[in-house]
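Participant: Residues per chain are reported as follows:
Protein chains: 6
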Amino acid sequence: MLPNQMVKSLIGKNIRVEMKGDESDLVGRLESVDDYMNIFLSNAVEYRNGEKLRSLGNLVLRGNNVILIQPYEG
Amino acid sequence: MLPNQMVKSLIGKNIRVEMKGDESDLVGRLESVDDYMNIFLSNAVEYRNGEKLRSLGNLVLRGNNVILIQPYEG
Amino acid sequence: MLPNQMVKSLIGKNIRVEMKGDESDLVGRLESVDDYMNIFLSNAVEYRNGEKLRSLGNLVLRGNNVILIQPYEG
Amino acid sequence: MLPNQMVKSLIGKNIRVEMKGDESDLVGRLESVDDYMNIFLSNAVEYRNGEKLRSLGNLVLRGNNVILIQPYEG
Amino acid sequence: MLPNQMVKSLIGKNIRVEMKGDESDLVGRLESVDDYMNIFLSNAVEYRNGEKLRSLGNLVLRGNNVILIQPYEG
Amino acid sequence: MLPNQMVKSLIGKNIRVEMKGDESDLVGRLESVDDYMNIFLSNAVEYRNGEKLRSLGNLVLRGNNVILIQPYEG
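Heads up: the sequence lines are chains A, B, C, D, E and F, in that order.
Residue 14 in the working numbering sits at position 14 of the first sequence; the count goes up by one each step and never skips.
Residue 45 in the working numbering sits at position 45 of the second sequence; the count goes up by one each step and never skips.
Residue 30 in the working numbering sits at position 30 of the third sequence; the count goes up by one each step and never skips.
Residue 31 in the working numbering sits at position 31 of the fourth sequence; the count goes up by one each step and never skips.
Residue 47 in the working numbering sits at position 47 of the fifth sequence; the count goes up by one each step and never skips.
Residue 6 in the working numbering sits at position 6 of the sixth sequence; the count goes up by one each step and never skips.
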């Protein structure tokens, strides 16, 4: 399974995303992802050092600033 | 809805944008966005830690330095 | 008006540019800009926290490291 | 052997990856890699200064934020 | 004159280059430049805060990490 | 000689590479390089401030995070 396919297999599930230039992680439901790894999350929550910082709702993350994506089982 | 479509659905509304290499957020009316997520904002305002820093008026943000885009209901 | 068109509409005028990895702003006359937002400025001046740092004359800025472009009325 | 071929030759083996904007290294089994060096790791573990920080399981790393990839013999 | 043409007009002359992730400037003779603004400098010298740090000779700079290029009259 | 050709002329020789987001330099034998300046080094050694930090053996560096490449005569 290629990296892009692995990410697409997570659509509809909760994922954790680390972004460049951002000390906090984002956790949310993966609504969609495109070939550039641009990401549309719903019910997104910002975490820092494992603690919930704030709820952000719907948001879009720019693919080229994504560092890491993984399934989230919180 | 793909990430780009989600952003385009926000045209004419207020959005919040986090940029790489910039500690402050930008809030403004989304005038237009292209496929690279380059963004044209009007009535843009710079915020830091939730406090208004200054009004910037019209500006263009370079897409590949966008980290996060979301609807803004301030 | 798309973001690129907004920037092109500023040719011949003074603009302010924030660059990634650069704490100072650049202000100068926009001579030309291409589709990657590479920018050719004349009479460029470096500002930090609103204070003039030094005059730089002609310079070229690499588009993918541009964060923000806006009209400058100094 | 071109750089991409060198990385593909590591599929099925453990690799160490340094990511931009991340002070820790990632070690895991290389499941797949595409032409952009997007990477799918299984059994990934985060290391800092040679000490194991935490297990991360499956994850995807964005190719343009990869700094360094090498075989890992731990 | 487009930004790329402005840079090409400096071939054979001394230029100053600011790179991302590098606190020092590079000054050298522009041997060649391509469409990505990859740069080949000869007789390159590293400067920090206007002071000469060390001579580097021939080197190649990666275009997407260039911040600023300008003619150098030292 | 274009920048890419200059780098290719170093295949089989020792080079020094500065990477973005990495305070140390890498020195090693250039095995191969592609059009994106992705680099395959053998016998790579990490240096910081001119002091040898550790031997890394074979590794691949992602081209878009390369800052500077130069011949190394150590």
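Just to be clear, a hint being listed does not mean it is correct.
Just a few of them, taken from the derived set where beta-carbon distance is under 7 angstroms, the chain A residues facing chain B [unchecked claim]:
(1) G21
(2) D22
(3) F40
(4) V60
Don't read these hints as lab results, they were simulated from the structure.
Using N, Cα and C, we set each Cβ at its ideal position, and we do this for glycine too.
Participant: Does each hint fit the structure? Answer for all of them.
Facilitator: Outcome of the hint check:
1. G21: holds, 4 angstroms
2. D22: Where the cut-off is 7 angstroms and the nearest Cβ of chain B is about 6 angstroms from D22/A, the hint holds.
3. F40: Hint on F40/A: holds, closest Cβ of chain B at ~4 angstroms, below 7 angstroms.
4. V60: Where the cut-off is 7 angstroms and the nearest Cβ of chain B is about 5 angstroms from V60/A, the hint holds.
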